[in-house]
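**Student:** So the protein lines, in turn, are chains P and X.
Residue numbers for the first sequence follow this note's numbering, so the first one is 1 and each next one is one higher.
Residue numbers for the second sequence follow this note's numbering, so the first one is 1 and each next one is one higher.
Worth flagging that the hints you see were computed from the coordinates, not collected in a lab.
Computed from a prediction, not measured in an experiment: that's the story for all the values here.
You may find that some hints are simply not true.
One-sided excerpt, in silico: chain X residues whose CB lies under 10 Å from chain P [to be verified]:
hint : residue
1    : R9
2    : V31
3    : Y33
4    : S40
5    : L45
6    : G84
7    : A92
8    : S94
9    : R96
10   : N98
11   : E99
12   : G103
13   : G105
14   : R107
Positions of the beta carbon are idealized from the N, C-alpha and C atoms, including for glycine.
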Amino acid sequence: AQSVTQPDIHITVSEGASLELRCNYSYGATPYLFWYVQSPGQGLQLLLKYFSGDTLVQGIKGFEAEFKRSQSSFNLRKPSVHWSDAAEYFCAVVADTGGGNKLTFGTGTQLKVEL
Amino acid sequence: DAMVIQNPRYQVTQFGKPVTLSCSQTLNHNVMYWYQQKSSQAPKLLFHYYDKDFNNEADTPDNFQSRRPNTSFCFLDIRSPGLGDAAMYLCATSIRGNEQFFGPGTRLTVL
Numbered sequence: 001a002q003s004v005t006q007p008d009i010h011i012t013v014s015e016g017a018s019l020e021l022r023c024n025y026s027y028g029a030t031p032y033l034f035w036y037v038q039s040p041g042q043g044l045q046l047l048l049k050y051f052s053g054d055t056l057v058q059g060i061k062g063f064e065a066e067f068k069r070s071q072s073s074f075n076l077r078k079p080s081v082h083w084s085d086a087a088e089y090f091c092a093v094v095a096d097t098g099g100g101n102k103l104t105f106g107t108g109t110q111l112k113v114e115l
Numbered sequence: 001d002a003m004v005i006q007n008p009r010y011q012v013t014q015f016g017k018p019v020t021l022s023c024s025q026t027l028n029h030n031v032m033y034w035y036q037q038k039s040s041q042a043p044k045l046l047f048h049y050y051d052k053d054f055n056n057e058a059d060t061p062d063n064f065q066s067r068r069p070n071t072s073f074c075f076l077d078i079r080s081p082g083l084g085d086a087a088m089y090l091c092a093t094s095i096r097g098n099e100q101f102f103g104p105g106t107r108l109t110v111l
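Please build the complete structure, drawing on both the sequences and the hints.
**Tutor:** Following this line, the structure appears as structure tokens:
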């Protein structure tokens, strides 16, 4: 069965500093990988996705992620964090069930931004 | 704008009183999902519809049911809510299981 690990439960960065959120996955085949962001009391918004091709993917809000098969990782990065980036970030992998792919989420990383 | 809409955004019910949460979409996606998310946890899939085919997760309690009368609407019925069912309920849609688009969620409080 597929699984996703986000080793950092909480991360605090200063505004303007760079950010990297870690994500490791376990899946037998080529994974479909996603990063979602969730602000308090809101639904999940897709930041970016990897299906195939270029291993460095660009997303919205200045985020990018790099797929590294050898490390089973899909880390999220942003060169300069804004205060509005404070939120919870979820990494997820899709398992092809043939009946509607199902997302398996990591436990999330709560990002706090210090002004 | 095409979107996923959930009503109500906040729902308060009493212990044991049936409650229905609503999800509608203008994306014309064929797959619809219901997730339960408790505080500081990842969303947990309850069930999903692939077109009209209902797919229940093995660990979803019988207390939770769902209906999809047409492509646009999907309902989550909680027959006898318990205190442990207080959570955020998220609806999502996708095309044949590709990336999922989430609604804003319904926060359920059980008194």
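**Student:** Taking the hints in turn, state whether each one holds.
**Tutor:** Structure-based check of all given hints:
no. : hint : in the structure
1   : R9   : 9 Å, holds
2   : V31  : 4 Å, holds
3   : Y33  : 8 Å, holds
4   : S40  : 8 Å, holds
5   : L45  : 6 Å, holds
6   : G84  : 19 Å, violated
7   : A92  : 8 Å, holds
8   : S94  : 7 Å, holds
9   : R96  : 8 Å, holds
10  : N98  : 7 Å, holds
11  : E99  : 6 Å, holds
12  : G103 : 5 Å, holds
13  : G105 : 5 Å, holds
14  : R107 : 7 Å, holds
When the structure is compared with the earlier hints, a violation turns up for hint 6 alone.
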